[in-house]
Every structure is written in C-alpha cells, then in structure tokens.
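Undergrad: Below, each chain spelled out in residue letters.
2 protein chains.
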Amino acid sequence: MKKPTILVCNDDGILAPGIIALATAMKEIGEVVIVAPDSPQSGMGHAISITKPLRLEKCTYKDEFWGWQCSGTPADCVKLARQVILKREPDILVSGINHGSNASVNVLYSGTMSAAMEGALFHIPSIGFSLCDYAYDADFSASMEIAKIIVRETLQKGMPKGTLLNVNIPKGPLSQIKGIKITRQAEARWTDEINERVDPYQRPYYWLMGSFEVLDHGDDTDLYAIEHNYVSVCPIRYDFTAHHVKQELAQWNLTL
Amino acid sequence: MKKPTILVCNDDGILAPGIIALATAMKEIGEVVIVAPDSPQSGMGHAISITKPLRLEKCTYKDEFWGWQCSGTPADCVKLARQVILKREPDILVSGINHGSNASVNVLYSGTMSAAMEGALFHIPSIGFSLCDYAYDADFSASMEIAKIIVRETLQKGMPKGTLLNVNIPKGPLSQIKGIKITRQAEARWTDEINERVDPYQRPYYWLMGSFEVLDHGDDTDLYAIEHNYVSVCPIRYDFTAHHVKQELAQWNLTL
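Protein chains in written order, with this note's numbering: chain A, 4 to 259; chain B, 4 to 259.
Next comes chain A alone, as it looks inside the complex:
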C-alpha cells in the first residue's frame, strides 16, 4: 500500500519542539513534508500575506534536510506547500503540536488551527494538535502517541465533509490520560486586561494581557474534557453561518 503524504505545519515555527514531535510521530505513518513558519506566529488567526511577497527556504535539523521554512503566516504555509512544494493535495494535514491549549475560544486566534482550516477548505483531512502545556520543554511523548491514533483513524474513516478537528491534549504521561472524548467548543473569552506603560519619551503604550473567563460549564465541552484528563477532539466547521437564527432574523424589519 502506498504511504500517505502527510503535510505538517504549525504556528510556533519550524524548529519548535512541538512540530519536531509531530513530524517524528508522523514518519511512522507516511511520507512527511514539513512547511512551517520561520519564526513564531502565535495569535496570527487566519492571517494571510497579501501585501508582501513570501520566502521559502530549506531548513536543516540535526544536519539533515528537515523541511521548508516560510516567511509568512501558518495559512500562507499551507498555500505554498500545496502549490509550490507538493503541487498536489496531501492525504492529510496535521498542524502543531501547539505549545498551549487551543480549546474553546482560542480556536479563533490560533495560527495552528488556521493552518488546519486552510487545508480543510481544500477538502484535505486536517487536524490541529495542541498540548495544554506552555513550557518550551514540555513532554510531547503522550501527544505523539495520541496524534498517531487519531491520524490513523482519520485516514481510515475519512474526515466528515466541511469539518476539521481541533485536538487538545492534557499534559502528563499517557498513563494518566483517561481517554479521548468528542467535544464541543466551550464558550469562554479572554477578558482583556491591558497593561499600560510609559515609554522613555513619556508616551503611553499597551500590552495585551488577559485572564480566561469560562462562561460554559457543560460536561460535553473541550475545556471539561481537558480538565478531567481526557483528550478533546472537537470537530470544527468553516461554515460559520448561525443557521439556527436565520428564521429569527427573517422576522426583522429590513425593508429598504
């Protein structure tokens, strides 16, 4: 059987420990092609580069060719991977492993998930993986096993139409993880605490900070799963329509 082609992206940069873990795990399953940002791109959302040209350079790791580093955003990486490097669609796209959770509302801001979403638009089975541990030296060994299980099953079953997966993995060894749950995105938000400072020229500037406010205490959410030491697999769609409110809006008085 022909090995599947696996496109590996991320938003933390092409030599972040998380992508090294993910690509290493994927090499047990298929032919791996890595196209990832040349610098960290956290919080980039689904940004694309339309006002500047992009660079694509070979990147070496442990004295061997590792992949292609791109000067653009995670979504840019997927575009260049498909068109310039592969010149066809990969069998699957995996993004991550992100250093930190992309559960709940984080999916909106996540470069990791935007790479996966860009793949899903082209009907490539696409999965974003995140480990709920922000440490640079986080232990990705459990995540590697979990990624293999989910990728193998996705290749087997096929991704439901219009869907991608947002996988969030609790920290700790595999033995402490209780299982995998299919979840929904919890409602939560970053309540912005702005850190105001004054520069040496007496002009103010601002750092975005924030604390995470959970508004949703259902036991079927991604946040609930992670808190209870389960892996969260949340199916995400790129059709953002709030279909359930169309009827309500149709009652509005919107005559010209």
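One thing to keep in mind: the hints can contain errors.
Intra- or inter-copy, both count: the list cannot distinguish identical chains.
[Stated by the list, open to error] As a list, the in silico BS3-like pairs of lysine-lysine whose alpha-carbon atoms are at most 25 Å apart:
no. : residue 1 : residue 2
1   : LYS184    : LYS249
2   : LYS249    : LYS164
3   : LYS55     : LYS160
4   : LYS184    : LYS174
Treat the hints as calculated values from the structure; they're not laboratory data.
The hints should help you fit chain B onto chain A, whose structure is shown.
TA: This is chain B only, laid out in the frame that chain A set:
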C-alpha cells in the same frame, strides 16, 4: 432617550473612505467612538498582538478630532477600545465599511469581521459591513443608508445570542438594490495561484494570488444574494463546533 454608544472599527485603516462613510452614517444614530488601525490590515484574520506592545494615538480628520488610531490589528482595536477608551461595553459595534466583499469564505480572512467577532465574544451586538467594490473611490452612499437600517433594527430587536452579522452590499446606487436577504455562507475558496519571481540576487520569492472558486450554487447563499443585487445579511457564530458530525465521530475507534 439616551443615545446609544456606537463603536466603529475597520481593517482598512482609520481614514479609509469606508470607515468615514460608516462613522458619518452612525452619527445620525448615536454617540460614535472610532478606534481603528493606523494602517491597512486586510487579510489579518483574527490576529492579535501578543508579542509586541500597542500604541494608541489621537487621529484628526478635517482639522477635528476623529478617533483613536491603533498600531495593532482589528481585534486589538476592539480590545483597546473596550478597556482603554470606553472602559465599558458600547451598545453596538460596527466594523467597516470594508472595501471589497467579505462574503463566503472571505469571512475567515477578514479583519473587518474579526473586529466584529471580538465584539460578539463580549456579547456586544456586532456587525461587519462590506461593499462589494474594491475601488478606493467607491460610492458608499447606498451602504450608509443600509447600515443605518440594519443598525437601527439591531438596536431595536437585539442580536441573537452567540451571533454577529456579516453584511455584504452590492455596488451601485440604492435604487438598484432590490432588498435585504438573510443568507448563509456559500462554500467557496481562493484557489491559490502563486506568482513566483526571482530577486536581483537570484533567489525566488512568491506572491499569493488567487481566483475565487464557488463550490455552492444554492439560492440562499450570501454570494447568490449579492449577485442578484440584494444586500446579504449572514448571521455568523463564534462557536465553530460542527455539532452535526459529533455522532459520526463518536463511532470512530479512538481508544488509547
């Protein structure tokens, strides 16, 4: 009756003709506060600035105070507007008027819509407006009337929970616009055509290009409405969960 506070944002920059049109229209309805990027931020998606501090400066237009220009992304503008400028929630948030369509898959890449989405997370009734005309000197007069109709109705009825509106307006005078339709997001995508060039040092670089491929020919979509000279009002949700595939995924073999 107390006038509503209307927060006005965009992604084309604080002095783009589209935001001038929108703010001017909104001044007939309420107290307008403008917080918008100091430079164009098209294609920024829901990017936020977490690795650099932000500036916020007063901006003048026609020799009068106009609003606050922010060095960050559209989503950053909403965060700073709420926390630094208003120090409370506005009654409504409007973003735009974008120079160019944000219908269909454009919503994923749109800075205009990410500003509205950032507002919706805080349960602020939030609406993104876009005129389907990329010209800098586009005629925004019909858009101004339409924005007033939709904003007044939203203030009256309240926004359905978890929802924001993506409003796309066909170009041309008001007399040619047939009405307002409640729509859904059409499935489409930018098929990436990469423009490869070689720099003076013989190294390649790439420009993202693309043509718009419509995969969805339903008569209830945003694209259909615009093509047929209707204003599209598409309700968008920030819960991206593909609820309808959860059952299918529950059948997968995902045991650890």
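Undergrad: Between the shortest in-copy and the shortest cross-copy C-alpha distance, which are at most 25 Å for LYS55 and LYS160: within, between, both, or neither?
TA: For LYS55 and LYS160, the Cα distance exceeds 25 Å both inside one copy (39 Å) and across copies (43 Å).
Undergrad: From the Cα coordinates, with 25 Å as the cut-off, is the pair LYS249 and LYS164 best called within, between, both, or neither?
TA: both (22 Å within a copy, 12 Å between copies)
Undergrad: When Cα atoms must be at most 25 Å apart, do LYS184 and LYS174 count as within-copy, between-copy, both, or neither?
TA: within (15 Å within a copy, 47 Å between copies)
Undergrad: Cα distance capped at 25 Å. Does LYS184 pair with LYS249 within a copy, between copies, both, or neither?
TA: between (30 Å within a copy, 10 Å between copies)
Consistency with the previously given hints fails for number 3 only.
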